Amino acid sequence: MKSVYLWSIIITFVWGCSSNETKHLPILGIPTVVNGDTIHHTIRDFTFIDQDSTVVTKATFKDKIYVSDFFFTSCPSICPIITREMKRIYEIFESNDDFMLISHSIDTRRDSVPVLKAYADKLNVDSNKWKFVTGEKSLIYEIANDYFNVAYEDEDAPGGYDHSGKLILVDKNGHVRSYCEGTDHEAVTKFIEDIKFLIAEQASE
Amino acid sequence: MDKKIVLRYLILIVLPILYYCSAHPYQQGKRLFEIHCQRCHGPSLEGFEELYPPINESPYILQHQPSLACIIQHGSNFLQSHSNSEDNVIPMPENHGLNAVEILNIVNYIYYSLDIDYTEKITTIESALEECKNH
Chain A
3 MKSVYLWSII ITFVWGCSSN ETKHLPILGI PTVVNGDTIH HTIRDFTFID
53 QDSTVVTKAT FKDKIYVSDF FFTSCPSICP IITREMKRIY EIFESNDDFM
103 LISHSIDTRR DSVPVLKAYA DKLNVDSNKW KFVTGEKSLI YEIANDYFNV
153 AYEDEDAPGG YDHSGKLILV DKNGHVRSYC EGTDHEAVTK FIEDIKFLIA
203 EQASE
Chain B
4 MDKKIVLRYL ILIVLPILYY CSAHPYQQGK RLFEIHCQRC HGPSLEGFEE
54 LYPPINESPY ILQHQPSLAC IIQHGSNFLQ SHSNSEDNVI PMPENHGLNA
104 VEILNIVNYI YYSLDIDYTE KITTIESALE ECKNH
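The listed protein sequences correspond, in order, to chains A and B. Quick note on numbering: the first sequence equals residues 3 to 207 in our numbering. Quick note on numbering: the second sequence equals residues 4 to 138 in our numbering.
If you're looking for bench data, these hints aren't it; they were derived computationally from the structure. Treat the hints with care, as some may be off.
As the list claims (entries may be wrong) - Here are a few chain B residues that face chain A, going by a calculated C-beta distance under 8 Å:
1) Arg42
2) Cys43
3) Gly50
4) Phe51
5) Glu52
6) Glu53
7) Leu54
8) Tyr55
9) Val92
10) Ile93
11) Pro94
Stated by the list, open to error - Footprint (simulated), chain B over chain A, 3 or more residues, beta carbon under 8 Å:
12) 73-87
13) 123-137
Claimed, not checked - So the derived label-pair ranges between C-beta atoms look like this:
14) B:Gln31 / A:Val36: 23 to 31 Å
15) A:Ser129 / B:Pro19: 51 to 59 Å
16) B:Pro57 / A:Asp100: 49 to 57 Å
17) A:Lys64 / B:Gln68: 30 to 38 Å
18) A:Lys139 / B:His138: 41 to 49 Å
19) B:Thr126 / A:Pro160: 29 to 37 Å
20) B:Glu53 / A:Asn175: 30 to 38 Å
21) A:Asp39 / B:Glu52: 18 to 26 Å
22) A:Thr59 / B:His27: 46 to 54 Å
23) B:Arg11 / A:Ala189: 21 to 29 Å
24) A:Ile201 / B:Glu52: 19 to 27 Å
25) B:Lys6 / A:Ala189: 20 to 28 Å
Being a predicted model, the structure only gives us computed values, none of them experimental. Quick reminder that beta carbons are idealized off the backbone N, C-alpha and C, glycines included.
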């Protein structure tokens, strides 16, 4: 009788661990209810300028999955680490036409189009795939909140700006589906798995 | 207590300390390097793309130039006035919070970690920093 108990425990454990856990990336953010309909958190419309002086809007990311972050070129603190991780993501999905990256500069004073251009060139990235954008300061700081990031000027912060370093994964409908700390190498590795999952999910839709 | 046992314990304590000390002569330099240099120039000083230059190929290091201390202290402000490069897109920041001894430790850690058999002296660093005070 004892061995039956033992076996049942073992079987339960093995079964429990090997059961097919279907992965799902939830739509993140606080939904609003309008006339009984649930409206999920969506990235607002935007108009920015990229490193090639071309206008970047939500339409640029139509039918694309993309990763978004906030930075500035002369940032001495967390940005060099985050840029390394963003480049790692870029290299993995370089040949995937459904995938893009966007980096918003929060230093709209210094990071002019030519500065962003030089930065992108030195990073050896394709401007069709990875947009480095500038724009009206208040709009960039506002949209940071849509991407679960905060950005503000702070004289005491290294480089004069303080900001969070979250990488945000946005799906084809403008919904946030995953995020990670861009300074955490292991977290970014998991985040990359989420990107792969979302690409597969949206390709089959 | 038995002398032998005391001796044994002593060895157990002393040996790891000796090992720890000999393993890394530039502990402070390493720590300061990690705080002030590594994020851009990388843990192996290899740089990153064309954004952050590799330190391991720098002429300042290969030629053992004391003005390496000035680069650490004044960043691009020093480099701009001492090289022909116009390129200042991503400026190297200043590190005015570091004193001569701390800079010496960083410099010597860099040489040590690159396996370069050279150590800088505090007097050399101090006079280099004095000379480039105003870049």
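Review point. Which earlier hints can't be squared with this structure?
Key: Numbers 3, 14, 16, 17, 18, 21, 23 and 25 - these are the hints that the structure violates, sorted from lowest upward.
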